[in-house]
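Chemist: From first to last, the protein sequence lines stand for chains A and B.
Going by my numbering, the residue at position 223 of the first sequence is 223; the numbering climbs one at a time, nothing skipped.
Going by my numbering, the residue at position 165 of the second sequence is 165; the numbering climbs one at a time, nothing skipped.
Any given hint might turn out to be false.
Stated by the list, open to error - Just a few of them, taken from the derived set where beta-carbon distance is under 7 Å, the chain B residues facing chain A:
#, residue
1, Glu123
2, Ala127
3, Thr130
Said to hold, decoys possible - Below, computed lysine-lysine pairings styled on BS3-like, alpha-carbon distance capped at 30 Å:
#, chain 1, residue 1, chain 2, residue 2
4, B, Lys50, A, Lys79
5, A, Lys52, A, Lys214
6, B, Lys50, B, Lys76
7, B, Lys24, A, Lys52
8, A, Lys79, A, Lys52
9, A, Lys79, A, Lys214
Calculated directly from the structure, the hints in this document are not laboratory data.
Don't be surprised by glycine CBs; every beta carbon is placed ideally from N, CA and C.
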Amino acid sequence: MIEVRDLKKSLGQQRVLDGVSFRIETGESVVIIGRSGGGKSVLLKHLIGLLKPDAGQVLIDGEDIVPMDERALLRVRRKFGMLFQGAALFDSMTVAENVAFAFRHNNSLQPEEIRQRVASALEVVNLPGIENRRPAELSGGMRKRVGLARAIVYRPEIVLYDEPTTGLDPVAADSIDQLILRVRDRFNVTSVVVTHEMRSAQRIGQRILMLHEKKIYAAGTPDEIFHSNDPVVRRFIEGVSDPKEPGN
Amino acid sequence: MNFLADTWVGAWLEGLGRITLLTKETITSLLRGRIDSRDLLYQLYFMGVKSQSVVLITGAFTGMVLGAQTFFQFHKVKMDTATLAVVSVSMCSELGPVLTALMVAGRVGAAIAAELGTMRVTEQIDALRTLATDPVDYLVAPRLLAAHIALPLLTAEAIAVGIGAGYIVGVHLLGIDPTYSWYNMLRYTQTGDVAVGLIKAFIYGGIVAMVGCYKGMTCGEGAEGVGRATTESVVYSSITILIANFFLTLSLGTIFHSL
Ligand SMILES: Nc1ncnc2c1ncn2[C@@H]1O[C@H](COP(=O)(O)OP(=O)(O)OP(=O)(O)O)[C@@H](O)[C@H]1O
Ligand SMILES: [Mg+2]
Chain A
1 MIEVRDLKKS
11 LGQQRVLDGV
21 SFRIETGESV
31 VIIGRSGGGK
41 SVLLKHLIGL
51 LKPDAGQVLI
61 DGEDIVPMDE
71 RALLRVRRKF
81 GMLFQGAALF
91 DSMTVAENVA
101 FAFRHNNSLQ
111 PEEIRQRVAS
121 ALEVVNLPGI
131 ENRRPAELSG
141 GMRKRVGLAR
151 AIVYRPEIVL
161 YDEPTTGLDP
171 VAADSIDQLI
181 LRVRDRFNVT
191 SVVVTHEMRS
201 AQRIGQRILM
211 LHEKKIYAAG
221 TPDEIFHSND
231 PVVRRFIEGV
241 SDPKEPGN
Chain B
1 MNFLADTWVG
11 AWLEGLGRIT
21 LLTKETITSL
31 LRGRIDSRDL
41 LYQLYFMGVK
51 SQSVVLITGA
61 FTGMVLGAQT
71 FFQFHKVKMD
81 TATLAVVSVS
91 MCSELGPVLT
101 ALMVAGRVGA
111 AIAAELGTMR
121 VTEQIDALRT
131 LATDPVDYLV
141 APRLLAAHIA
151 LPLLTAEAIA
161 VGIGAGYIVG
171 VHLLGIDPTY
181 SWYNMLRYTQ
191 TGDVAVGLIK
201 AFIYGGIVAM
211 VGCYKGMTCG
221 EGAEGVGRAT
231 TESVVYSSIT
241 ILIANFFLTL
251 SLGTIFHSL
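Just chain A, with the same shape it has in the complex:
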């Protein structure tokens, strides 16, 4: 369970989050939508303790992670997998080493077993047999999928996906959506997905949160959100720019 209470954060001179609160139950999949630059990635980084808020609480299974130091956070982070918006693969390592990174200090697994887990994770993201390639030799979409394999290979309880399907072709995007649902259902994983694709949002989300004006502006099931009468929500979903905000 993830609970965020009144989260506030400024970066530089700019306030990015101003009183964000929500709650995500174990095993639930929640989609976060919002304008580009609206602070979705920043919010996601708060959930796993990569950023510290200026005020507010982040509770993971009832435990406030805000006051924790880096060592204590390491323990909490074992529950998490995270796919970064830019994949953030380790470019000095091969794909296999990237995906197997979480097993570095795991002595209970044999090397052969790790190799198999890596191979099957790569198969799941439709990239079989690229173990020995380097991240620099991959396309943007392939990198994204390797990042996804790295985030789920150790079967975390909570997975944070930052735009998992951006930059993928429609077929690959669809298979990633299916994968997120499969991972959620098979291991009862709590999923938090940031996306700009309305189709994915509708399909993956059991609930949708819309981040707007530094707050959770709207929250509800996909049906509620997609049939909302709120003008801001409607404009976002239909992809219409605000006539009063030229240049946006």
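Since chain A is already given, all that's left is putting chain B with the ligands on it; use the hints.
Modeler: Below, chain B with the ligands without anything else, positioned relative to chain A:
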């Protein structure tokens, strides 16, 4: 005190405080044995083996020029055979450690800052943290330990090569008497001189690694940030080494000469 915080003095002090905290964390990590021997070996290879050409050339040419110049001056007062002693003492306690450290700061310190800086701006350091790995354990600790080990060895090598090169220039090129030269060198070079050199090298290794790691981990955004971190790491570690050298010479000199 607010005016202080806004000036470069304030920024400098703040940086000093942060690098001290990072060093403390790194030492804790080392003491708890949290580093991987593979990472350490790789760093040793990178710092030690790959610095060979730089260190050999620096050591040799410093020794040669020192030998030649000392000979030219000493020849005037008929003290030719003391040349090698001067070469040896200055290589051991000053030039060996300082020049090696400066060269390593340029090669290794810059590489550390650029590598860690790139990892930071591409979120790889954040990715490490999400994979339950502390960047201090994984990135900083092996580099610090490797630098502490590699730099004294590289310095010893530079000293030996420098003295050898000085000997060749002095004896074979300038015609100093080899036997007396060798005798004087052994007579005036004390264990303390060698010890001072190696202690200095150990400390400079720490300076190069920590400044490089700190600059990399706190680097600004984008390619510009990485570039600046790299330059600053070389400039700051070189200046720190030169300043520290003066104080180390004074303090270590007092210790070893009162023994
Ligand atoms: N390290 C940083 N320093 C300063 N400002 C930052 C930093 N990271 C993000 N910001 C600012 O915070 C705001 C939110 O950024 P964020 O990356 O969370 O947006 P986002 O909603 O994920 O957008 P997108 O959909 O384009 O990925 C942006 O205005 C950005 O300029
Ligand atoms: Mg983003």
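Chemist: Now tell me if each hint is right for this structure.
Modeler: These are the hints, each one checked on the structure:
{"no.": "1", "hint": "Glu123", "result": "4 Å, holds"}
{"no.": "2", "hint": "Ala127", "result": "4 Å, holds"}
{"no.": "3", "hint": "Thr130", "result": "4 Å, holds"}
{"no.": "4", "hint": "B:Lys50 x A:Lys79", "result": "40 Å, violated"}
{"no.": "5", "hint": "A:Lys52 x A:Lys214", "result": "16 Å, holds"}
{"no.": "6", "hint": "B:Lys50 x B:Lys76", "result": "42 Å, violated"}
{"no.": "7", "hint": "B:Lys24 x A:Lys52", "result": "22 Å, holds"}
{"no.": "8", "hint": "A:Lys79 x A:Lys52", "result": "18 Å, holds"}
{"no.": "9", "hint": "A:Lys79 x A:Lys214", "result": "27 Å, holds"}
In summary, the structure is inconsistent with hints 4 and 6 from the numbered list given earlier, while agreeing with the others.
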